[in-house]
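Undergrad: Chains as they are written, first to last, in numbering that gives the first Met the number 0: chain A, 0 to 109; chain B, 0 to 280.
These are computed hints drawn from the structure, not numbers from a lab. Hints are not guaranteed to be accurate.
Some chain B residues well away from chain A (every beta-carbon gap over 12 Å; in silico) [said to hold, decoys possible]:
1) R55
2) A92
3) A147
What the simulated footprint calls covered on chain A by chain B, stretch by stretch (three residues with Cβ under 8 Å from a Cβ of chain B suffice, anywhere in the stretch; the number is not a length) [claimed, not checked]:
4) 26 to 40
5) 95 to 107
C-beta atoms are modelled at their ideal positions from N, C-alpha and C, and glycine is treated no differently.
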Amino acid sequence: MTVALALAVVGVGSLLLRVLPLLGAARIPDRLALHATRAGVSVLAATTVRTVLLHGDATVAGSPITAPVLATLAVGLGLWLAYRGRSVLLSSAAGLSSYVVLAAGFAAVT
Amino acid sequence: MDMFDVLVAQSRQHEHARAAHHPNRFMAHEVRIAARTGSEPTYNTTRARARPLPARWNDVLDGAGAVLPAVLAFAPLALMVGAAISASDNRLAALLSTWTIHGGAAQLVTLDVLAEGSGWIAAAMAGLLIQIRLSAYSTSMVRDWRTAPLGLRVLAGLLLSDAPWALAQSRSTGRRSFYLGAGLALFLAWPAMVTLGTAAGDVVGGIAAAALVPALVLGCTVVTQLRERPLLVAAGAAGLSAGVLALAPAGMVLVGAAVVGMVAGVVADRVRVRTDEGAVS
Numbered sequence: 000m001t002v003a004l005a006l007a008v009v010g011v012g013s014l015l016l017r018v019l020p021l022l023g024a025a026r027i028p029d030r031l032a033l034h035a036t037r038a039g040v041s042v043l044a045a046t047t048v049r050t051v052l053l054h055g056d057a058t059v060a061g062s063p064i065t066a067p068v069l070a071t072l073a074v075g076l077g078l079w080l081a082y083r084g085r086s087v088l089l090s091s092a093a094g095l096s097s098y099v100v101l102a103a104g105f106a107a108v109t
Numbered sequence: 000m001d002m003f004d005v006l007v008a009q010s011r012q013h014e015h016a017r018a019a020h021h022p023n024r025f026m027a028h029e030v031r032i033a034a035r036t037g038s039e040p041t042y043n044t045t046r047a048r049a050r051p052l053p054a055r056w057n058d059v060l061d062g063a064g065a066v067l068p069a070v071l072a073f074a075p076l077a078l079m080v081g082a083a084i085s086a087s088d089n090r091l092a093a094l095l096s097t098w099t100i101h102g103g104a105a106q107l108v109t110l111d112v113l114a115e116g117s118g119w120i121a122a123a124m125a126g127l128l129i130q131i132r133l134s135a136y137s138t139s140m141v142r143d144w145r146t147a148p149l150g151l152r153v154l155a156g157l158l159l160s161d162a163p164w165a166l167a168q169s170r171s172t173g174r175r176s177f178y179l180g181a182g183l184a185l186f187l188a189w190p191a192m193v194t195l196g197t198a199a200g201d202v203v204g205g206i207a208a209a210a211l212v213p214a215l216v217l218g219c220t221v222v223t224q225l226r227e228r229p230l231l232v233a234a235g236a237a238g239l240s241a242g243v244l245a246l247a248p249a250g251m252v253l254v255g256a257a258v259v260g261m262v263a264g265v266v267a268d269r270v271r272v273r274t275d276e277g278a279v280s
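Bound conformation, chain B alone (with noise of 0.2 Å):
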């Protein structure tokens, strides 16, 4: 059994760990008595059954559901972005753009870019480098999505952001259909929104406290995932390069944040790895 093995089976006892202490959590009732009696889940059969809708329907409402916490975080965000966007020379391809960045952070990095004068590919650059990140869940995903057919692959990079990936993460059943929920319900609510921003101009841009939603939902979504040590490890170190270059542009704290937390996260498995085999020698 090679070090890549040891980690598929801990992180597969750390799901079913994680699912059985959190109370939110789908199957956690399953998977409590599985635990006590020894035998495997069996969530995948009788729930299915006992259901009136199939579970894939359900699980693609319990995503749309879940996302509703951060569709209402992001639309401080959304408003000012909307508000960006109607201060722009281009309003239409401003809007347009809205569907293609799907990315508040991006879309505002890059609409004020350009309302500097900086030129565009200065602005183009500023944000791409805050979208880079979403290469890294894409690739994350592809367990998951290895199998599915090439329409349903597209459409999951289509509605990919931060939310629906960091509530897909935390699922131990049906992800993918529940990821298509999050992402479809945050795709359509996000353009609502910013369209409802370019009317109603910057009304949140005064209220500091808004600023902090977003990164609040983020971080509560994910936070249940640093029961597993190699993540705590690696967004310990993440948070910690985050604070030393906290003023240097977004874009490059973010690149920055996900060389270190990767680093920082091979390093904990090489430490447990030895670990483990020191205790079983």
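If we strip away everything but chain A, and leave its shape as in the complex, we get (with noise of 0.2 Å):
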């Protein structure tokens, strides 16, 4: 019952947040969508930082630093690409593959 109970709480709560907004688009100032466009960016920005900076890989030997730092670099890769105008499937897939390479070889050096 609690599992129900805590689902449709966060289900509803969700669909409020998400419809109640745009119901009322009327009465919200440009401004205020202007900040909440930034408000947007700022929360994917701090999605992103906050993944690498907790990210864990228990192949990657060494300290606990280790696996945070390839996964800038290969994210930071990722991101340069995309900002050079490369496609996101492109820069997310040299992303990716940077970090398992670092990974493999930071591996096999250890």
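Two chains, two frames, a set of hints: combine them into the complex.
TA: Right under this line is the structure:
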């Protein structure tokens, strides 16, 4: 019962968070929408940074910061390619494959 | 002309510049021609006439195609959510909530907190805290959706998640149809992948690289917007705050980053307007 209750609260809450601003679109000023756009981009930037910093990889030996450092390099490469105008698919694939290569290389050396 | 008019005019210029310099961007050709000839871009009329399908449907298909990398990227997360659902005490409720929550991280955190035995209130709060960012996305969309019929606005809200929002932000024309195409594709693909995960179990939990993929794809989707100075400042400040708060619960980190990013964006606006005024005088 508690599982259903918690999931129902999160589900209904999520729906309201998504739909309510659009239902009241006429009353929301452009200035607020501009700030909300920046908040949205900020959240995605924070998600990327947090994922990289908390990244763990059991196959990579060494200190606990090795995996986050490798992840930073790999994600940084992907972001740089995307910023330079490469497609999302290509940039992501380059970032991911560079992580796999770096992690394998590091595991082989240590 | 007040500060906001200046910002809107500059934002429009940035949008054209961004489209003109991005080889993958829709209408880049028309924008480049317009820049060369000094005229306004004519994409609303000429492209629509030349197409076999109405522009709106092409935009929907473009959106559905553009979200495919994100669908692939979210597959490992969907399988992890599916595995958590199959381990849940109430599998049916957990599976049905996939459609209403429509967010892997929130669903996973809610199920994890419930599995730890922390109670339904703690689980619901943890899940909702992660979902609060959706209200920022939704609010940012009102400029495009203000004139849409009520049913379409409700549909847009139902389909809202990170990837369609981020993709639509990078789009300069046909944004509503493009968003609907991307959102519908993900809305159908996500529950299908989660359902597959309930049968397959935790097959990706041991693959460390898989955990990087959703953040990498979302980052690559929005990074081109950072050519605009206030957005760059906002994202930089939010990234710093996420670094400082990295060990805090995910929901707190995201809410904190949203606030820090908004404030940094406002400060960047004020600095830019003052600089522009100083240059004029």
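Undergrad: All hints are to be evaluated individually against the structure, with a verdict given for each.
TA: Here is how each hint holds up against the structure:
| no. | hint | result |
| --- | --- | --- |
| 1 | R55 | holds (19 Å) |
| 2 | A92 | violated (4 Å) |
| 3 | A147 | violated (8 Å) |
| 4 | 26 to 40 | holds (count 13) |
| 5 | 95 to 107 | holds (count 4) |
This entry does not satisfy hints 2, 3, going by the numbered hints stated previously.
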